[in-house]
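Number of protein chains: 2
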Amino acid sequence: MSDNKRPLILVSNDDGHTFEGLKALTRVAREFADVVVAAPMVHQSGKGSAITFMSPLRAFKASQEPGLTTWVVDGTPADCVKLGLSELTEGRQPDLVLSGINHGYNTGVATLNSGTVGGAIEAAVHDIPAVAFSLGQYGVEADMTPCLPMVRRIIKHVLEHGLPRKVCLNVNFPYGKGEFKGVKMATLGMGRWCNETERRTDPFGLDYYWLTGHYKLDDPNDTTNDVYLINQGYITVTPIKVDNTAHELLNDMGSELGFDTPANEHSSN
Amino acid sequence: MSDNKRPLILVSNDDGHTFEGLKALTRVAREFADVVVAAPMVHQSGKGSAITFMSPLRAFKASQEPGLTTWVVDGTPADCVKLGLSELTEGRQPDLVLSGINHGYNTGVATLNSGTVGGAIEAAVHDIPAVAFSLGQYGVEADMTPCLPMVRRIIKHVLEHGLPRKVCLNVNFPYGKGEFKGVKMATLGMGRWCNETERRTDPFGLDYYWLTGHYKLDDPNDTTNDVYLINQGYITVTPIKVDNTAHELLNDMGSELGFDTPANEHSSN
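Residue numbers (the numbering used here), protein chains in the order written: chain F, 750 to 1018; chain E, 750 to 1018.
Okay, chain F solo, but in the shape it has when bound (with noise of 0.2 Å):
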C-alpha cells in the first residue's frame, strides 16, 4: 500500500488516457506524491469547461500499483476532475491537480476553449491548486522531456506554496524555437481567429464545414503576452481566473443603463 502521510495529485488531460504528455506528467508527479489519474476515454480537444450532466458519466479503474490509480472516463476533462475529486481519490482531498501535458499550446482566447485549461480550472473552482501544461508539438510522438525540469520545478513550488483561491496556472512551451530561452509571465494573448471556416462538400453534394483559420493579435505590439512571447522561444506562466466578472466595469455600466450597482444597492428601484 502507499503511504498515506505523502501528498495525493489528480492528473488528467484532454488528448485522452493514451497520449504521451499525460503519461510523461503523471511519472513526473509521482516523484512528490500519490497519484491518481483520471483521463478521458477518448480525445476531448476544445472541450473548455464542458461538463456532462445530461447523460451519466462512467468511470473504468484501468490499473493499480502501490501509489497510482488510473481511471479512464467517458466525459470531458472537467468531467474528469469532478469524478476524481467526488468519487476516485476515495475520500482523499487531493493536494493538486495537474491537467496535461497537452499535445498543442493553449494560449491567448483559445484558453477559453482548452479542455486541459478546462480541467485545471475545474479544479480552481474547488480551490484545489492547478495547473495546465501545453507543449507546441502536436501529435503522438511529441517529446515532452525538455519539459519536465520545469514541470518538476512548478510542481514542487505549488505543493509547498500553494495557490491563490480561484486561481490556477497555464503553462506553455514553446516548439521548434531551438531551446528555452527562459521562463516569463504573461497575459493570454487577445485577439481573434481569420478565416476560421473552410466549407467543403461531401460526395453526397452537401456542404460541411471544417473549424480553422490563422489567430490575429489584437495588439502586435504587446510584448507581454503569450503568443508574442512564446514566438519568440519562452516558456510562458499564466495566472487564470475563475472569476471573469469584469468588475472595474460594473458602475459605468450600471450608470450607462440604468441599472443600480453594488455600489448604490440602497437607491430607489
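Because the hints were derived from the structure by calculation, they are not lab data.
Certain hints may be false.
Which copy is meant is left open, because identical chains are indistinguishable; a pair holds if it fits in one copy or across any two.
[Unchecked claim] The list that follows gives simulated cross-link-like pairs (lysine to any residue, SDA-like), each with its CA atoms no further than 20 Å apart:
1. Lys930 <-> Met899
2. Lys905 <-> Gly816
3. Lys915 <-> Glu997
4. Lys915 <-> His996
5. Lys926 <-> Pro756
6. Lys810 <-> Asp956
7. Lys965 <-> Gln842
8. Lys965 <-> Pro913
9. Lys965 <-> Arg914
10. Lys965 <-> Asn1000
11. Lys772 <-> Pro895
12. Lys754 <-> His906
13. Lys754 <-> Leu908
Assemble chain E onto chain F, guided by the hints.
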C-alpha cells in the same frame, strides 16, 4: 427581400432549436433587426465554450422568410456563433449576437459551463456585442413573457451604444420569486458545488454517475453577486470578460516563482 439597412442580429442558444426561449428571443430581435438564427440541433447544456474541430460541422437551413433565416447546426453554441459569423450570415457582419433565452439560470461559476454564455463569449472574442439571457424556469413549458420588456430594453441599448471590446453581458431573470424586484448589476457569485456526484448501479451491476449537487457561495455575506440577488428577486446583469488573466497577480507570482514578469522583462533570465 429584407431591408439591408436594418441591423443584423445573430441568435443562438444552448437548449437547441426547438425551445421556446430561442423563439421568444428571435421574436423580440425581429422588432429591431433582420435576424439569422444559428441554433444547435440538439441540447448543448453544459458545453461552455466548447468547440468542434476534430470532426467537421454541418449546418442545415431550416427556413427562410423576409428578414429571418434559421439554421440548425450539429455543434455547440460556440460552433453556432463561429459558423454564424463566418458562413451563415452570407457576408453581413452581425451588429449584435444574442444567446438564449436559456431555460435555467446561468450564474456564479456555472457560467463557465454554460453553453448560453459560451455563445455570447464567442461573439465577444470577435469583438461583436453580445448578450446571454437566462430564466430560472427549467423545462420546455417555461413562459418567457415576463422577461421580454427587459430583453427589449437591453437589445435597444446595446444596438445603440455597443459594449466594451472583449466583454459580453450575462442577464438572469429570477423565477418563482413573485414580480421582479428590479434589476441590478451583479458580480458572478463565486462558490463551489457540494455533493457533486451521485453514484448509481445499472441493471448489469456496473456503477455510473450523475453530476448533481448544490451550490455553496464562498462568502455568504456578499450581497453583490448574482446568486444572492436572484434569490432576492432581482434581475441581474453581469459583464463578463474574454480575458481571464489574473493581471493583478502577475508581478507577485513572478517574484514568488522567480520568473520574469512583463514589468521587468529586461532583467536576466
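Results of checking the hints against the structure:
With identical chains, the CA atoms of Lys930 and Met899 are at most 20 Å apart within one copy only, with a shortest distance of 13 Å there and 53 Å across copies. Taking identical chains as interchangeable, the C-alpha atoms of Lys905 and Gly816 lie at most 20 Å apart only when both belong to the same chain, with a minimum of 18 Å there against 59 Å between chains. Both within a single protomer and between protomers do Lys915 and Glu997 lie at most 20 Å apart by alpha-carbon distance, with minima of 18 Å and 13 Å respectively. For the identical chains of this complex, Lys915 and His996 are neighbours both inside a copy (15 Å) and across copies (14 Å), given an alpha-carbon limit of 20 Å.
Neither within a single protomer nor between protomers do Lys926 and Pro756 lie at most 20 Å apart by alpha-carbon distance, with minima of 35 Å and 46 Å respectively. For the homomeric pair Lys810 and Asp956, the shortest alpha-carbon distance between copies (11 Å) is at most 20 Å, but the shortest distance inside one copy (41 Å) is not. For the identical chains of this complex, Lys965 and Gln842 are inter-copy neighbours only, at 18 Å across copies versus 41 Å inside a copy, given an alpha-carbon limit of 20 Å. With identical chains, the CA atoms of Lys965 and Pro913 are at most 20 Å apart between copies only, with a shortest distance of 19 Å across copies and 31 Å within one.
When the C-alpha separation of Lys965 and Arg914 is checked against a cutoff of 20 Å, the pair qualifies only between copies, where the shortest distance is 15 Å, while the shortest distance within a copy is 32 Å. In the homo-oligomer, the alpha carbons of Lys965 and Asn1000 never lie at most 20 Å apart, since the shortest distance is 31 Å inside one protomer and 26 Å across protomers. Taking identical chains as interchangeable, the C-alpha atoms of Lys772 and Pro895 lie at most 20 Å apart only when both belong to the same chain, with a minimum of 15 Å there against 53 Å between chains. Taking CA atoms no more than 20 Å apart as the test, Lys754 paired with His906 passes inside one copy only; the shortest distance there is 18 Å, against 58 Å between copies.
Proximity of Lys754 to Leu908 under the C-alpha cut-off of 20 Å is restricted to the intra-copy arrangement: shortest distance 14 Å within a copy versus 59 Å between copies.
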